[in-house]
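Enquirer: Put the two chains together into one complex; each comes in its own frame, and the hints tell you how they fit.
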Amino acid sequence: VTPQYHPGGGWLMDYARGNLSPAFERLIGGHLLACVQCRDDLRLAENIGADFMLGNEPAVTRLTADDIFNSTQATPTLDFLSTSTIPADLDFATLVSSYLRVNLASLPWRGIGDTIAVAKLRDDAGDRLWLLRARPGAVLPRHTHHGNELTLVLQGAYVVGDRVFSAGALEDADEETVHQPIVTTVGECLCLAAATGPLKFEGWIARLAQRYLGI
Amino acid sequence: MMTRVKSSPPDEGSSVLPFPLPADVGVVERTEENDWLLNIQQNADQQAFRRLFERLTPRIHSYLRRAGHAPPDIDNALQDVWLVVWRKAHQFDPALASARTWIFTLIRNRLIDHERAARRDKRLTSNYADASRHEQYYEQDHLAQALGGRVARLLTQLPPEQRDVVLQCYVEGHSQRDVALAQHLPIGTIKSRARLAFERLKQLLKERA
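Which chain is which? The protein sequence lines are A and B, in order.
So the first sequence is numbered by this note's numbering: it starts at 1 and just counts up by one.
So the second sequence is numbered by this note's numbering: it starts at 1 and just counts up by one.
One chain only, chain B, in its complex shape (with noise of 0.2 Å):
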């Protein structure tokens, strides 16, 4: 059981927060990690490897759990995803991305086609729309359980309606139309959003890079 941050007096300058936010310390790890998968890569460094292991499995582990993964399915694409982590490191280009976000989209090829067989199954049941619809507690919830994310921290500057649409996007691996579909609104209404939230936070992380 995951612990909750309840209410402690709201931050200044975000007041959607009922906690205050941490320090962003993504920087210093995010350094860490790509060194220690060219070590992988150039050295076939285990110990670099647990390394990496260490930080990123029990919290992608985690992410998956909220995304509606069963543990065993969870077990087996981490399994897989390290295995190529592992041998085909030479694949990783440090120029295109973060270490981090090459797992990110390996992760995200191994799940594709389990996530939507998932979905037409959650589309099939109708109960889908109370499932997922727009709550202030669903929302609070899921931004402290990604508070360890510098984007997180920076949805707290967009739109409610907007800081939606992300995270259904991410946490709960909702399309656009999913979401037109859950909330009864029109797609175009949820793409707009959806476009504005996406330039919004482009403009955000280049100021702050």
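Next comes chain A alone, as it looks inside the complex (with noise of 0.2 Å):
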């Protein structure tokens, strides 16, 4: 897959200096999967990280390098969600549910009807994770945000205004957004989404619907 649309900068330079939520974090990983771009990007974000944290004048410290030689401790683990391995036999839904570690089969789907059914994959402090799959054709209810909403698309395509967010493809909404995302006809489409707070949907019948689904 070659992504249409990206996370901005200011995205990729959170992700480097470990700014985001877990919920933001793993979909901005997602998203790394697919984008060979990004995936440069972050190390330039990454290396003026590296800029900053050495660019400091010196401190004091009482650790020495002998203290590390003659440590009995077990050598942590300081493994980010690791995207540097990538398996390119995998397709990107599956790929994206190895690296999120879930198995896609037996999530706690809620739906409504056949048409759209959610899986809640985690939330922190109110920044929550979720799967969503969507029928061919269905029209989402029309909704805006608290915060960022960012959504990567991990099978299928939808459409929102006269973008289409396909595989791998990365939209980023907000509070100044409102948005009606339609499933094209080609298939059904899996989301992952990530959002802080709860999504302001327009309409009583939608409001019920979020109510049920949890988003």
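In short, the hints are calculated from the structure, not lab data.
Misleading hints may appear alongside valid ones.
[Claimed, not checked] Derived lysine to aspartate or glutamate pairs resembling EDC-like cross-links, with alpha carbons at most 16 Å apart:
no., chain 1, residue 1, chain 2, residue 2
1, A, LYS200, A, GLU176
2, B, LYS202, A, ASP40
3, B, LYS88, A, ASP79
4, B, LYS88, B, ASP45
5, B, LYS206, A, ASP40
[Unchecked claim] Chain A regions said to be covered by chain B (calculated; three or more residues, Cβ under 8 Å):
no., stretch
6, 10-21
7, 26-35
8, 71-78
Note that the Cβ used here is the ideal one computed from N, Cα and C, for glycine as well.
Expert: Structure follows, in structure tokens:
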């Protein structure tokens, strides 16, 4: 996949510095799996971070190199969610699921008819991450947000206005964006979404459905 | 107590700085550090480890102090990170990152949960906005502290509001959303400032490469 829509540099700088909550970090991480260009940009953002880290005047520290040689402590695991090993033979949805360590089939999906189903993955102090699947041609309720909402397409495609988001593409929306995604007729659409706070739907039917789905 | 650079005559071409820019020694340093780390990786060279440790540790310590970490937490984090450097140097890939960038990512990974918890606490106490508001002094102070780095030098070529977002991100550890909340601006405004800042830095770094 070669995604058409990408996170802006600010997202990559925040990811590089470790400023993002788990929901947004994983969503950006998912896009990085698909996007060579953003992986290059992330490397640059990390280089910038290293420059800031080492541009400071030295402080006095008690720790010495001998403390490290003489340590009997077990070696800590300092792996971030790794995006460095990318098996080329997986389709994107499977790739992201294994990165998120979830099994799509066994998730607790909550659905409304066969139109739309949602599986919540996590909620850290209001920053939520969920998977959403919608049948071909489904029209999602018009909504806006309390903060950022990032959506990463894992499979299929949806349309917002004149933009088409297909596998790997990332849509960056926020409290100033009102949108109504419409799934294309090609096939089922599977997305990963991260948002701050609950979505703000227009219309009471949508709000009722929202309470049931927990988004 | 760290010494701050006080007002000396402005450097030509960088009107925002009240002090002259030092020479960029980064290239030589980075090459040395990479060589040391490769020596640790291939020969378990203690001497190379000592050099790398002594070059980086005091500066990382200072950086983490500025980001608000307490000295005991910093020592614990540094201990963990240097253990990984010593025992898992084989994980370093010079094709992907320089030694200092690899170590930067190890520090980030070690502190990410700790910083997230601190950020939540900070949001709960609502004097957050006052503590991180945009001030000229604050900005010059951070720039002065980070001047050993070539990126901080390039920041002088960015408009103040873009420079601020970059400093907030890397020095303070504030996300785009944190900045928007603190400055009472729409998140979209901050995202576009950050995007422009990053594109400009990318272009400036390419020109120098």
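Enquirer: Which of the numbered hints above does this structure break?
Expert: Those not satisfied come down to hint 7.
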